[in-house]
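Engineer: Here is how the chains run, residue by residue.
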Amino acid sequence: MSGLGAAFSDAFALLAGFDHQVAEIVTLSLEVSGLAVLLGTLIGLPLGACLGVGRFPGRQLLVVMLNGCMGLPSVVVGVVVYLALSRSGPLGYLGLLYSPTAMVIAQTVLVVPLMAAIARQVVEDAWREYEEELTAMGFRWAGRVRVLLYDCRHSLLVALLAGLGRAMSEVGAVMIVGGNIDRSTRTMTTAIALETSKGDLPLAVALGMVLLAVILLLNGVAYALRQWAMRRYA
Amino acid sequence: MAHGFLKLLKSVVLGLAALASTAQAGESIVLASTTSTEQSGLFNFILPIFEKDSGIAVKVVALGTGQALDVGRRGDADVLLVHDRAAEDKFVAEGYGVDRRDVMYNDFVLVGPAADAAGVKGAKDAVDAFGRIARKGASWVSRGDRSGTHAAELRFWQSAGVEPKGQGWYKEAGAGMGPTLNMAAGMGAYTLADRGTWASFKNRQDLAILCAGDPKLYNPYGVMLVNPARHPHVKRAAGERFINWITSAEGRRAISAYRIGNEQLFYPLPVAR
Chain P
103 MSGLGAAFSD AFALLAGFDH QVAEIVTLSL EVSGLAVLLG TLIGLPLGAC
153 LGVGRFPGRQ LLVVMLNGCM GLPSVVVGVV VYLALSRSGP LGYLGLLYSP
203 TAMVIAQTVL VVPLMAAIAR QVVEDAWREY EEELTAMGFR WAGRVRVLLY
253 DCRHSLLVAL LAGLGRAMSE VGAVMIVGGN IDRSTRTMTT AIALETSKGD
303 LPLAVALGMV LLAVILLLNG VAYALRQWAM RRYA
Chain D
490 MAHGFLKLLK SVVLGLAALA STAQAGESIV LASTTSTEQS GLFNFILPIF
540 EKDSGIAVKV VALGTGQALD VGRRGDADVL LVHDRAAEDK FVAEGYGVDR
590 RDVMYNDFVL VGPAADAAGV KGAKDAVDAF GRIARKGASW VSRGDRSGTH
640 AAELRFWQSA GVEPKGQGWY KEAGAGMGPT LNMAAGMGAY TLADRGTWAS
690 FKNRQDLAIL CAGDPKLYNP YGVMLVNPAR HPHVKRAAGE RFINWITSAE
740 GRRAISAYRI GNEQLFYPLP VAR
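Chains P and D, in that order, give the protein sequences.
Heads up: the first sequence runs through residues 103 to 336, numbered per this note's numbering.
Heads up: the second sequence runs through residues 490 to 762, numbered per this note's numbering.
For the record, the hints were derived by calculation from the structure and aren't laboratory data.
No false leads were slipped in.
Covered by chain D, per the in silico footprint, the following chain P stretches (three or more residues, Cβ under 8 angstroms):
(1) 129 to 141
(2) 191 to 199
(3) 202 to 211
(4) 277 to 283
(5) 298 to 311
Backbone N, C-alpha and C define an ideal beta-carbon position, used for all residues, glycine too.
Full structure from sequences and hints, please.
Structural biologist: This is the structure in structure tokens:
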């Protein structure tokens, strides 16, 4: 119990004192995960929508695989991206390993299947509802995807939030491809892992609370934005 | 819609560019090293001195010695600072590293529960202590991660004539020193730790040093450059500057000056022995 008590007071001190190092780490986490989710939006949502609307052989297999990839272990993604970006790997000439860019790449690989799978479900449900109208209006395949993505934009917010939550909370991938380098690639989660291995459990929990606070804040903002947008455009 | 897509794409490109530029401000080298040197706080203390002096930022990736050597083999680091002399010599002999030098040393400590069921407290001979733990079948947590400390532990078992693998009391954590200590503390088990990590470790619970001071517990660290002939992108000049500095009088002064409480954790080695 004393450990948890210390954790609470540490977390409060970290937040209230606006610790400079913690602020830097939070900023990097937000940048890396934010970019990964942006890329996930650009790749995953259209991909999911295509799968939701399209009817082609092998589609069901793809859907199952996509859903399965939601459970992709982040360590596996980390190792694969590490091997690709390593100087001895196919993309080694880029010199990206142990950089924030490498972490964005790994997290993008991690969130694309998750965001695509959610988008697939959302768009497929909407497609069932509007199939007749859209077909009657003469929309072809690409047009359907575009219209449905736009119409479902409020519901698709949940795909973004899920992607952001997954990216910000994972530790396996960024630890391996980023290297947890002080003032360079240290994120909230790798900092937590580091403090845990130093045996400073209260500080680790305190950092965890800061991370949770940041994610809650982002979710709050997203919720408020959605309410505002729905009132305005509904 | 298309407009929004382009705007998103633009922000991604700008964001990546911003990230890349912050990462590349000034010259830097990647130093693959051990968790003990990073977590003990040594690097946080000595690297700013080097960075101020040279303008070269040192990016430390802290791994077990075995992993750090692998990273060097793949060419993903410029300089290595590790502690497993046999593996280091092999690394250099295979042509992966050049210019290996002694840097500093400290010692391993045998830690265990204060109750000390195996009765090793105050043992003068570490090999004897290992033997007693095995005979008693007292719980032991091994790093099991091919780190320098793991290699040292295996040498002690061998000297004691014990084959611990597969025994019920012998648990391989496959983890860094800190997590292994967390496990040992939680289970009331014995383990071998490097003094640096032990001194900075906070979750000791019931653990205490039971055996230390045997010369066999000597723990030397070496530094080397990843061979630029094998990996042409290695930052040779900056890497050599770091190696020269850490083995110089100034670097040795910085190493000696680092303390936790009143305890000096690392002792610089003379350049020529």
